[in-house]
Amino acid sequence: MLFSNLSSIPLVFQGLINGVFAQSVCSDDRFSSVRLNNAEIISANANMSDIELPEWPTNEWPTSSSKPITVCKVTVQYTHPGWNDTINTYVWLPVSGWNQRFVGVGGGGWSTGDIEDLGSPVSKGYAAVTTDGGHLLANRQELSWALTSSGNLNWPALQNFAAVSLDDAATLGKAITAAYYGKEPKYSYWNGCSTGGRQGHMMAQRYPTQYNGILAAASAFNWDKFIVSEYWPQAVMHSLGYYPPTCELDAITKALIEACDSLDGVEDGIVSNSDGCDFDPASIAGLTVSCDNPPGTIQVSEKAAEIARLAWRGPQTEDGKFLWLFRQSVNRFASVMGTADADLTDFKKAGGKLISWHGTADELIPYKGSVDYFKRVLKQDPDATDYYRFFEAPGVEHCNGGPGWFPGGAFDALVEWVEEGKAPATLYAETVGSEKMRAVGLCAYPKKITYRGGDTSLASSFGCE
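Mapping of the sequence shown onto mature numbering (1 follows the signal peptide of the UniProt record, and there is no 0): residues -22 to -1, 1 to 443, in sequence order.
In case anyone wonders, no lab produced these hints; they're calculated from the structure.
Just so it is clear, CB atoms sit at the ideal spot from N, CA and C, and this is done for glycine as well.
Mixed in with the good hints there might be a few duds.
Pairwise CB distance ranges, derived in the manner of DEER restraints [unchecked claim]:
1) Phe300 <-> Ser27: 14 to 24 Å
2) Gln55 <-> Pro223: 21 to 31 Å
3) Thr295 <-> Asp390: 37 to 47 Å
In the SDA-like style, the derived pairs of lysine to any residue whose C-alpha atoms are separated by at most 20 Å in a straight line are [said to hold, decoys possible]:
4) Lys281 <-> Lys353
5) Lys161 <-> Ala403
6) Lys357 <-> Arg305
7) Lys357 <-> Thr323
8) Lys346 <-> Thr187
9) Lys326 <-> Thr363
10) Lys353 <-> Gly386
11) Lys281 <-> Lys357
12) Lys232 <-> Lys102
13) Lys346 <-> Ala312
14) Lys426 <-> Arg184
15) Lys426 <-> Glu413
16) Lys51 <-> Lys102
17) Lys414 <-> Arg305
18) Lys102 <-> Lys327
19) Lys353 <-> Asp319
20) Lys426 <-> Glu398
21) Lys45 <-> Ile19
22) Lys164 <-> Asn77
23) Lys425 <-> Ala312
24) Lys152 <-> Thr187
25) Lys327 <-> Thr363
26) Lys346 <-> Lys281
27) Lys426 <-> Asp321
28) Lys51 <-> Trp61
29) Lys232 <-> Ala213
30) Lys414 <-> Thr187
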């Protein structure tokens, strides 16, 4: 026992040395030589800090860990000459246990990044980066930064939000990582949902060599179209002169689920085969439903049914033509932030791997946008599944939540694909927060989850067809 304890002393001592070294190099001077092409570095500040993990990290399982972690935080501030911008890039570095990997973390809404989300990858040994894109991250819906004055767009700021600052962050993040550890990361990854999902696809389309692997969930494709199209249901209500109470729309949604729930072979409150769902909301017009606001009962109206039908169909005329207002948005913004280029040739040549998933109950971003993009990539390259896999997540709301199956291990599947060459045919997913946990393997599109018999809470009871 004595010799056993003595033999461990060098390892403990080495760990202390590494920890002291990591703290000593977490200084401004360590990063003073970092440079970025076509930009001026204003400052690079570093400090040791204790962080706590977010309760539900992006694209991961919820965490209950409350133990603080010590990291080296580096903030690089810079500007693009002539753009009148000031951008902050945030890099968090584990002081010990670096796994020689680097990850870029995406934003949400109109925020280019998410500082708190750096905590989870750093706790697992990743060096991690995110960026504010030149505007504050606190309010994801604040948009004053996008204008220079009333009616005049700040195009450099929009380009930073859409793409430029993301490329900068990857370059700066890797340089900071190399300066701290003394060597380049062996693998680089992207992780994002919503805006972060769009950003991941933007990296694959425009900067295909920055990341070896990209996880892009609930991607805000077609930003130039869908942002404006979110006003479509209100436009329909206004044109029909009727604004249905929530209970009326909830009744229509419930009826759709009841009509299409069993298409996968089991009734569980989740529609797993939305493509096979042929529900007409007009079929329940006249149905009496209970309401809390206003209190009492009402009948589902024909106008409410029509509002649901048109909202599901999207902003187009009856003969399928794109409406002019949305065409104007496309003409103005598609080239900057549309993120719809289906040509991933350069990403393929770079050896990159891309996993995308989207919840079919997403209440903010239509999941069919992800389906449409994947189909267009396949049309461009029939062998695209060699480097790009897309998965529908039935019943999952925007990025997480809802009664459906959440693929909290998708990032691990991406790492396995990049580093071991194991392409995922399914993504393991679980219900989160439900009384009884249920699991499935999400199917690589276009296959659908199908019940094969047995315990409906077990992934082994389902297959892909």
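Checked hints:
1. Phe300 <-> Ser27: 14 to 24 Å: violated (49 Å)
2. Gln55 <-> Pro223: 21 to 31 Å: violated (49 Å)
3. Thr295 <-> Asp390: 37 to 47 Å: holds (45 Å)
4. Lys281 <-> Lys353: violated (34 Å)
5. Lys161 <-> Ala403: violated (34 Å)
6. Lys357 <-> Arg305: violated (24 Å)
7. Lys357 <-> Thr323: holds (13 Å)
8. Lys346 <-> Thr187: Violated, because 28 Å separates the two Cα atoms, which is more than 20 Å.
9. Lys326 <-> Thr363: Answer holds: lysine 326 to threonine 363 is near 10 Å, not above 20 Å.
10. Lys353 <-> Gly386: violated (24 Å)
11. Lys281 <-> Lys357: violated (38 Å)
12. Lys232 <-> Lys102: With Cα atoms ~41 Å apart, lysine 232 and lysine 102 exceed 20 Å; violated.
13. Lys346 <-> Ala312: holds (18 Å)
14. Lys426 <-> Arg184: violated (31 Å)
15. Lys426 <-> Glu413: violated (25 Å)
16. Lys51 <-> Lys102: Holds. Lysine 51 to lysine 102 sits at ~16 Å (cutoff 20 Å).
17. Lys414 <-> Arg305: violated (46 Å)
18. Lys102 <-> Lys327: This hinted pair is violated, its Cα atoms lying about 29 Å apart.
19. Lys353 <-> Asp319: Given pair lysine 353, aspartate 319 holds - Cα atoms ~12 Å apart, limit 20 Å.
20. Lys426 <-> Glu398: Distance ~26 Å between lysine 426 and glutamate 398 Cα, so the pair is violated.
21. Lys45 <-> Ile19: At roughly 34 Å apart (the allowed maximum being 20 Å), isoleucine 19 and lysine 45 break the hint.
22. Lys164 <-> Asn77: Since the Cα atoms of lysine 164 and asparagine 77 sit roughly 9 Å apart, the hinted pair holds (cutoff 20 Å).
23. Lys425 <-> Ala312: violated (31 Å)
24. Lys152 <-> Thr187: Status holds; Cα separation ~13 Å.
25. Lys327 <-> Thr363: holds (14 Å)
26. Lys346 <-> Lys281: Given pair lysine 346, lysine 281 is violated - Cα atoms ~25 Å apart, limit 20 Å.
27. Lys426 <-> Asp321: This hinted pair is violated, its Cα atoms lying about 26 Å apart.
28. Lys51 <-> Trp61: violated (27 Å)
29. Lys232 <-> Ala213: It is violated: about 23 Å lies between the C-alpha atoms, which goes past 20 Å.
30. Lys414 <-> Thr187: violated (43 Å)
Of the hints listed earlier, those the structure fails to meet are numbers 1, 2, 4, 5, 6, 8, 10, 11, 12, 14, 15, 17, 18, 20, 21, 23, 26, 27, 28, 29, 30, in rising order.
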